[in-house]
Amino acid sequence: MPAEADRAAPHAAVEAAKQFLSTFKTTGKTPGLILVAVSGGSDSKGLLLALHEAIMRGGLSAFSLSACTIDHALRPESADEARAVAAFCAERGIRHSVRRWQGEKPATGIQAAARAVRYSLLADAAQEMAALCLVTGHTADDQAETITMRQGRSEPDAPGLAGMAAGVLVDRRAWVLRPFLSLRRAEIRDYLKARGEGWLDDPSNSNSSFERVRVRHSMGGDIRAAMDVFVDAGEARRRSSERAASLLGTQVTVFEGLAARLDRALVADMANPDCRRAVLAVTAVIGGRPYLAGRETARRLTAFLTGGEGGRMTAGRVVFDVRRSGAYLYREARDLPEIVVQPGQKEIWDGRFLVANDSPESIVVGAGGETAELRARLIAAGLPEPVTKRAVKSALTWAPAQPPEERPDAPLSLPSTPRIESSISLYDTFLPCFDLMMANSIATLFGRDRYLAPPVHDVLTEKTAWA
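Note that our numbering gives residue 308 to position 307 of the sequence shown, counting from 1, and the numbers run on in steps of one.
Warning: the hint list may mix true and false statements.
Stated by the list, open to error - Mimicking DSS-like on lysine-lysine, the simulated pairs with C-alpha atoms at most 25 angstroms apart in a straight line are:
1. Lys-347 <-> Lys-394
2. Lys-394 <-> Lys-106
3. Lys-19 <-> Lys-194
Hints are computed from structural coordinates only; laboratory data are not their basis.
Turn these sequences into a full structure, and let the hints guide you.
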């Protein structure tokens, strides 16, 4: 670090970095690598510099830093910008790598696509380096913009008004943490100026064709109202997750990932937001959807389930079969896809099951897994026979992509049985720490391991039992 930075007084950015480092679940003796996502913009560059300064000044030798830049290859100058970040890191002895978005780019939804690719590439890097976590430079300004955008299309008590979580689990394998959510962008830029550092400005940040840019301009720098919403909504969402987790653990039964039973008490209380959220979450998993049902669907479903009459209704690809013993959910038997899983690859079938093909042969996965043995197991587990007959029609089956008789030169043995587990599309790609308790309850119901615990203590996560 330059001598003038050593003599500089501590700054709010450095204090935030120190506070962040103090939250890790380490003994102080175990080395831990933190991967910093750095674009060269003020927020991410300030985060890297502040963490480096906090570690060097504080004698926190248990931590080390590495930086990663994602080159989205959307602008001609992006490669040069990545090299500039690499030079900045080299001056401070920080290891740096670049991951590039390869292939064709979508014509629409470019920001959402770039975000998905960015986090996937960062999770790859974190996993390869065995990093404790990866961190991003999101600020209070980003938070306020996110909340303001969601306010325009959400009901007053919508979970999304909690904004960006302080931690998000990506792809079930890497925690993304946001140490600067309490800092304004202006504070970070003041810090960089005080250390004699500049930054890069991404032209997309001033492109009014993007909603976030328009919202930023309309706010005029006043984020107080949005942040007041965040404080209340964040705690409300955590409490809701805790209550929904309890309901899921006591009033829902899942049968081999194919069907679920909701106890009558849970169904009768669907007007309660926490009950409704628990039911909609199970519905999304049974239906293989990555999101909860929309407002109108939720209203129709609530009216049906609380109507006091039996019968069936379909919503979100899920059949709701109401009986005296409870409400039963199963995937409707239509539009069931067929996919090919190549050797050594993993694919998600119908949004409901993750299929890992460990064999040297390609396999075809589709519906048609109904067997007498499966029906007998489900009935023995307590699923009514009429429900079982319908639920098994959406069961998964697999076969070699090319039967042995069509491969005269190949061995006669079939590919080994693939590894199959339930896919929880709601949380397997992005799991906010707000919802960790609820997600773990769902994972347990569907026979899955609990999600990876975050490496830090935090008021939004510490109430979750890790055992």
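Here is what the structure says about each hint:
Between Lys-347 and Lys-394, the direct Cα distance comes to roughly 23 angstroms. Compliance with the 25 angstroms bound is thereby established for this hinted pair. Taken as a hint, the Lys-394 and Lys-106 pair is broken in the structure, with Cα atoms around 38 angstroms apart against an allowance of 25 angstroms. Restraint check for Lys-19 and Lys-194: the C-alpha separation of about 20 angstroms stays at or below 25 angstroms, so the hint holds.
In terms of the numbered hints stated before, the structure departs from hint 2 and from no other.
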